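Novice: The residues making up each chain are set out below.
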Amino acid sequence: MSEETILVTQQVKENLLETCGSLGKSFLDSQENKRFISAREKFREDDEAKSILRDYNQTAQEYQTKAQYGGASKEEYKIVEEKNSAMLKNETLKNYFESQEALINLCKEVNEYISGKLNFNFASLAKPKSSCCS
Amino acid sequence: MDNQIKIIADQFVNRLFAVPEIISYNETLNNYENNEEIKSLTEKYNSLAVDFQRKQYDGTLTQEEINDMRSVVDKIRSHPLENELQNKQNELLRVLQECNDEISSVLNMDFAKIAAPSSSCCS
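Protein chains in written order, with this note's numbering: chain A, -15 to 118; chain B, 325 to 447.
Okay, chain B solo, but in the shape it has when bound (with noise of 0.2 Å):
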C-alpha cells in the first residue's frame, strides 16, 4: 500500500469516527458491553450453551434444560440495550453501506465485496 493510499484511509477512518451514527454505536456498545444484567446474561448464555450443544449431539437434552435455554434468550432479546444496539447497529450498517457505495462508483467494481475477508457459509 502505498503511502498517499494509507493517508487517504486515515482520513476516511477519522471523519468515519466524527459521524454522529458511528458516535451513538459506540456509546451504544459500550454502554451494553458493561451494563452489569447484559453481562450475567451473557455468561449464563455461554455457560449453558456448552452443554447445550453436546447434550443436543447426544439425544439428552431434557425439556427443562431446553426452556432454561430459551429463557435466557429471551431475556437477552428482549432487553432494552439489545433492542438499542440492533437499532444502533443498523443505522452504522446504513452509513458504511453509503460509504461503499461512492468508494465503489468510482472505482466502478463492489470494494467491499472484493476487499472483504472469505466467510465459511452463513457466517
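If we strip away everything but chain A, and leave its shape as in the complex, we get (with noise of 0.2 Å):
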C-alpha cells in the first residue's frame, strides 16, 4: 500500500469517526435527549418518587425469586400490579419512564434509517458482545 493510499485511508477513518461524534452530539441536542434530562433531574430531588420506585422494585425482584421457584402466589402478583400502578401514577416517574422510552426510541429509530440504507442492522453488528439472554 503506497503511503499515498495511506494517508486517504487514515481520512476517510477521520472524516467517518468525526460524524460519529457529530451524530452522538446531534443526539444530545434532540428535544428527546432534553426532555429525558430534566426529567431525570426532577427524579433525582425527588424523594417520594425514588421512594415508590424502590418498593416496586424490591417487591418485583421477591416476587420474580419466588416466581422462579414455583411458590408465588395469586395475590403476589396482584400486590406487583396494584404498586406499578401506583408507581405509573407519581407524575416525577410517568415522566421520567415516558421521557426514557422516547429517547431509547429515537435511538431505534436512527438506527433503522441508518441500517435500511446499509442495508444491514448497524446496531445489531456494532453492539458488545454479550452471552445468551444478556
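Please keep in mind that the hints were generated in silico from the structure rather than gathered at the bench.
What you were told as hints is all true, and nothing was included just to trick you.
Below, computed lysine-lysine pairings styled on BS3-like, alpha-carbon distance capped at 25 Å: (1) K111(A) with K330(B); (2) K18(A) with K73(A); (3) K62(A) with K34(A); (4) K92(A) with K330(B); (5) K9(A) with K330(B); (6) K437(B) with K(-3)(A); (7) K412(B) with K101(A); (8) K412(B) with K111(A); (9) K412(B) with K(-3)(A); (10) K9(A) with K(-3)(A); (11) K101(A) with K437(B); (12) K78(A) with K437(B); (13) K101(A) with K330(B); (14) K62(A) with K73(A).
Partner residues aside, some chain B positions facing chain A, computed with beta carbon under 10 Å: (15) D326; (16) A333; (17) Q335; (18) V337; (19) R339; (20) L340; (21) A342; (22) P344; (23) L417; (24) E422; (25) C423; (26) S429; (27) M433; (28) F435; (29) A440.
No experiment lies behind these values; they were computed from the predicted model shown.
Glycine residues also receive a C-beta, built at the ideal position from the N, C-alpha and C atoms.
Both chains are sitting in their own frames, so use the hints and assemble them into the complex.
Specialist: Now the structure itself:
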C-alpha cells in the first residue's frame, strides 16, 4: 500500500469518526434527550418518587425470585400489579419513564434509518458481544 | 427524528460506504452470492435441511443422511470464498464497533445496545 493510499485511508476513517461524534452530539441536542435529562433531574430531587420506585423494585424482585421457584401466589402478583399502577400515577416517575422511552425510540429510529441504507443492521452488528439472553 | 439528525445520519452512511473495509466486504459478499459453486452448495444445504430437521425430530435420520449433510456443510465451510467472507465480516465488525464506541462516548451510553432490535436468545 502506497503512502498516499495510507494517508487517504486515514483521512476517510477520521472523517467517519468525526461524523460519529457529530451523530452522538445530535442525540444530545435532541428534544428527546433534553426532556429525558430534565425528567431525570426531577426524579433525582424527588424523594417520594425514589421511595415509590425502590418499593416497587423490591416487591417485583421478591415476586420474581419466588416465581422462579414456583412459590409465587396470585395475591402476590396482584400486589406487584397494584404497586406498578401506583408507580405510574406518580407524575415524576411517569415523566421519567416516558422520556426515557422516547429517547430509546429515537435511538432505534435512527438505527433503522441508517440500517435501511446500509442493508445490514448497524446496531446489531456494532453492539458489544454478550452471553446468551443478557 | 429531526432533520439535523437525518442529515448527519446520511453523512454517516455515505462516509461509512467510503471506508476500505466496507467496500471490500461488499465486493466479497457480491462475489460470494454470485459464485455458482456456493449457490449450488447452499441450495443443496437448504433442500437437505428441511428433511433433516423433520427426520431428526421423528428419530428416523439415517447415518447416510447425516454424512450427506456433514459433507455439504464441510464443503461450504472449507470454500475459500467462505473464509474470505468471514475475514471481511470481521474487519467490517471492527469498523462498526469503532463507530459505535465513538457515538457512545459522546452519548455516555451504549448506542448500539439501546438501538439494536431485541432478538430471541442466541439469535
